[in-house]
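The listed protein sequences correspond, in order, to chains A and B.
First residue of the first sequence: 8, per the working numbering; consecutive thereafter.
First residue of the second sequence: 137, per the working numbering; consecutive thereafter.
Be a bit skeptical, because a hint or two may be false.
To be verified - Here are the computed lysine to aspartate or glutamate pairs in the DMTMM-like style, where the Cα-Cα straight-line distance is at most 20 Å:
no., chain 1, residue 1, chain 2, residue 2
1, B, K191, A, E143
2, A, K81, B, E232
3, A, K81, B, E231
4, A, K81, B, D241
5, B, K191, A, E168
6, B, K191, B, E219
No wet-lab data here; the hints were simulated from the structure.
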Amino acid sequence: MSPREITSPMSEQEARSLRAGEIVFLSGEVLTARDEAHIRALELSREGRPLPFEMHGRALYHCGPIMMRDDNWKVVAAGPTTSARMDSLETEFLRAFRPSVIVGKGGMSLETLKTMGEIGCAYLAFTGGAAVIAAEALPEVLGVEWEDLGMPEAVWRMRAERLGPLVVAMDSHGRSLFHEVESDVHSRALLL
Amino acid sequence: MYSSAIIEETVVRLLREAECRLPPDVRRALENALSQETEEVPRSQLLVILDNVRKAAERSVPMCQDTGVPVFFVRGRYDVRIEEAIRRAVYRATEEIPLRPNTVDPVSRGNSGDNLGPGMPPVHFEPTDEDHLDIAVLPKGAGSENWSALKMLNPSEGVDGIRRFVIDCVVGAGSRPCPPTVVGVGVGGTADMAIALSKKALLRPLGSSNPDPELREIEGALHQQLNSLGLGPMGLGGRTTVLGVLMEKANCHTASLPVAVSLNCWAARKAFARVHPDGRVRFSQEGFR
């Protein structure tokens, strides 16, 4: 079976069609946001002010890349960061900005999983550290916002060309591969 | 006395090798892991990892965007200019390789942009009276570093307590430190020593035999038990949770049993150089015996 191809932006219906265990490749618009960008976006949203970028239906990428500038910005290395760091901010972020998919590593909390079900969003696990494979699949930088946060924390808007393979690890129907594996690991650990 | 310029050049090259080339012992361990996995999801993770490693080396670019904090271990005759040369090398490597500017003020979170600043980079100096100078670098990413742990056990908990704590650390960290991980364990000393030992342990080649027979036995048992957990590559399930367990020990207070754990992600980066007074330099990614 050849892996499924998906494109950002995508509809809520398509995001809801992604099921845990599937392997996909992602093309289209991808925006990075880590801790600091989440905090700033939420501050603006609470004040009722607009963001300088559109997140609705797009792919949110938990990533702090290494970029290099000659004439244009170029992606040097851009693997995923640990998504769990954003857990305490993600529910409010998802409700406010409604991305269709999150790309990251390590998975997120049950609370975030519940919010993903509420808005129709899937979590796509990308291999941690696969920075060169990621850079290859991100051939174009469309823009950068909030550069004052520093290179890793700024919001980079990039065009993806078959980013992956990505494992649908958490879906909008309440399934999480991470939690299933973790629960098995805990039971086995008790026997050691 | 060593030439500062030679040390600076050596450290820039060490950083480039460590960041762009996975040490051969770690690559072999990952290839071995791939041969153990049968399911599609864990195999897909290891295939991406090995492909990524190959491309990073071919293009001489960092294998992971988290180029970490470069932790240095230096053995030789103390000379403050060694640390100055290391700092200059980190500054240069940040631009030349490039490394991601990772270090910030812990309170304001302001980023200096050059991976330097108070306390950065960390340099562990072990004075010796040998003619050569050994410099090792262990670039440590935050994904794994954030799961470092120390526990002051009750001495009566013994080997079983040590074993239990290491298992709890790996289970607690779960998918987040980018498994399959390398598990560094420091036993004994004072609290600060135990942590330093757990980092130093990560420098030993995977698959090498611990010279201490008791530690060798604990390492072997833990390796097998941790891989029976089923956490798998990137925590998505599978047979390979760790690539190895490496332990170091020091004597401790009779009323203490400190145990520290430092996890390293699959990108277990390290590089070694031996600088001779006549200016000759040898490089290795598995250390010198």
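Query raised in the report: Which hints, by number, does the structure contradict?
Result: Hints 4 and 6 are the ones this structure does not satisfy, whereas the remaining hints hold.
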